[in-house]
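K.L.:
So the chains spell out like this:
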Amino acid sequence: MKGTVLGIEGTAWNLSAAIVNEKDVIAEVSDMYRPHTGGIHPREAAQHHAKYASYIVKGVLEDAKKQGIETTDIDAISFSQGPGLGACLRTVATAARMLALSLDVPLVGVNHCLAHVEVGRWKTPANDPVTLYVSGANSQVLAYRMGRYRVFGETLDIGLGNAFDKFARNAGLGHPGGPQIEQFAKNAEKYIPLPYVVKGMDLSFSGLSTAATEALKNNSMEDICYSFQETAFAMVVEVTERALAHTGKNEVLLAGGVGANMRLREMLEIMCTERGASFYVPEKRFMGDNGAMIAYLGLLMYGSGNIIDIENSHVNPNFRPDAVDVTWLPEGFEERRQECI
Amino acid sequence: MYLTSGAEATVKVEDDVLIKERVPKNYRLKELDERIRKERTKAEARLISEARRGGVPTPVIYDIENSTIKMQYLDGIAIKYVINEELSEQIGFLVAELHKAEIIHGDLTTSNLILFKDRIYMIDFGLSFFDSSTEARGVDVHVLFQTFESTHHDHEKLIEAFCRGYRKDFNKADEVLERVKEIEKRGRYA
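As they're listed, the protein sequences go chains A and B.
Residue 3 is where the first sequence starts when you use the working numbering, and the numbers rise one by one after that.
Residue 19 is where the second sequence starts when you use the working numbering, and the numbers rise one by one after that.
Since the hints were derived computationally from the structure, they do not count as laboratory data.
Be aware that a few hints might be false.
The calculated lysine-lysine pairs, modelled on DSSO-like cross-linking and capped at a C-alpha distance of 30 angstroms, are [what the hints assert, rightly or not]:
{"#": "1", "chain 1": "A", "residue 1": "K219", "chain 2": "B", "residue 2": "K48"}
{"#": "2", "chain 1": "B", "residue 1": "K56", "chain 2": "B", "residue 2": "K88"}
{"#": "3", "chain 1": "A", "residue 1": "K201", "chain 2": "B", "residue 2": "K88"}
{"#": "4", "chain 1": "B", "residue 1": "K30", "chain 2": "A", "residue 2": "K201"}
{"#": "5", "chain 1": "A", "residue 1": "K60", "chain 2": "A", "residue 2": "K4"}
{"#": "6", "chain 1": "A", "residue 1": "K188", "chain 2": "B", "residue 2": "K88"}
{"#": "7", "chain 1": "A", "residue 1": "K201", "chain 2": "B", "residue 2": "K48"}
{"#": "8", "chain 1": "A", "residue 1": "K201", "chain 2": "B", "residue 2": "K135"}
{"#": "9", "chain 1": "A", "residue 1": "K188", "chain 2": "B", "residue 2": "K48"}
{"#": "10", "chain 1": "A", "residue 1": "K125", "chain 2": "A", "residue 2": "K25"}
{"#": "11", "chain 1": "A", "residue 1": "K53", "chain 2": "A", "residue 2": "K68"}
{"#": "12", "chain 1": "A", "residue 1": "K201", "chain 2": "B", "residue 2": "K98"}
{"#": "13", "chain 1": "B", "residue 1": "K118", "chain 2": "B", "residue 2": "K175"}
{"#": "14", "chain 1": "A", "residue 1": "K168", "chain 2": "A", "residue 2": "K53"}
{"#": "15", "chain 1": "A", "residue 1": "K25", "chain 2": "A", "residue 2": "K4"}
{"#": "16", "chain 1": "B", "residue 1": "K199", "chain 2": "A", "residue 2": "K201"}
{"#": "17", "chain 1": "B", "residue 1": "K190", "chain 2": "A", "residue 2": "K201"}
{"#": "18", "chain 1": "A", "residue 1": "K125", "chain 2": "A", "residue 2": "K4"}
{"#": "19", "chain 1": "A", "residue 1": "K60", "chain 2": "A", "residue 2": "K219"}
If you want a taste of the chain B side facing chain A, the calculated C-beta under 8 angstroms gives, among others [said to hold, decoys possible]:
{"#": "20", "residue": "L47"}
{"#": "21", "residue": "E49"}
{"#": "22", "residue": "Y99"}
Positions of the beta carbon are idealized from the N, C-alpha and C atoms, including for glycine.
Based on the provided sequences and hints, a complete structural model is requested.
P.N.:
Printed below as a string of structure tokens:
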């Protein structure tokens, strides 16, 4: 896929711009919104993005220049069109539109979830994986089938990361909750039964988060953190395994911020080894939200003619990954895989 | 003889008895794994019996032990090999009976319907649950329609016949079938 694309991510807390070509990430500049207390406040996050948008864009252009890439070399601008917090999405979309107009290059609207999948395919040997995408807001099991990335299972209420955050806030652990829960879990003594909610292929975490908070009254922080992790991760690994069995695919890709958790990785590794599947995890900078993934999927979409007019570049806070026609995979992508089995 | 080995259970036949065992998952904590397998085995056996009480032919349960169910082996043929409009109408009627009993099958495919001694049996209640919502019923029917579409070329007529059967004696049928159309539009792969 020839070309150079500048992409901007800003669906939630991380505002990030990157310039990529088909070989690698040329430059990336980010600025995170950090709430003083509690979790992400949507309006404050959007105000943060508005304040720093020009800073990250200027920064990434300057860094690219040092490597011989001029502003005039940029072929397209891509941005996270959704899903995400509406106010944040609109702010980033405005920046992207202005940039596309002033550079007189096409605009590409990227689905944030699919960007996670594609950056993983780019930066690991995974080719046609079942992707477990677990972050603060999203928890989905995705796999390509007949022209689209289908959602084989997803959360029916809140994302896994959000479930951790809610518990952590109630337990006085601060934000984000995941890393602290992982630390406490290491010193646990026993498992405390918590609700395990898998409905067919779908997941539910909000009841689990509440039950974990309740159970804190009579149990140690260590035991609850451990039990919360064990229960929630077993749920997502189960659905991932089901999707593998159902699709006949033999690769698993992990994406999203919660993917940083070592216990989750270990469980997926065990499941994959037992099924004879390969397990791939991209390096940390490509796991959480990042500008590089938006620029990269932007490049793939630009290369396959998948661009949008400014007039039709509305953001969509509920943008589903299975609503996107995949234009960037070669024809017969799936058939080739099936011949390999 | 092993019949299948899915993500969750192995199924084998010994002396005309079908033995379904939920296999341990090493990624899960042993305590949690045992609890889940036991709970699901019990729930599955219960749903199979409840469905039969509701008028849907299902295998007879002989025994349940920890995470193993022993049940009647139906030496018939999967509906996917013999389906026609007449059978599809009967299936519609049966699924309505199941839904009237407030049960959702959860994995309705033409492989999970068996023609045995001139009757259609429903098998594999591994993903079943009790629910009487229009949404759950709609998803159940939608999943079956998808298998019609992916494996049978005359699927439109099969769907029509199914709807005739489903409407025959179920006052919520129209509401559910209307929801099926909506679910299809969402494009979600269930």
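K.L.:
Are there hints from earlier that the structure breaks, and if so, what are their numbers?
P.N.:
6, 8, 19 and 22
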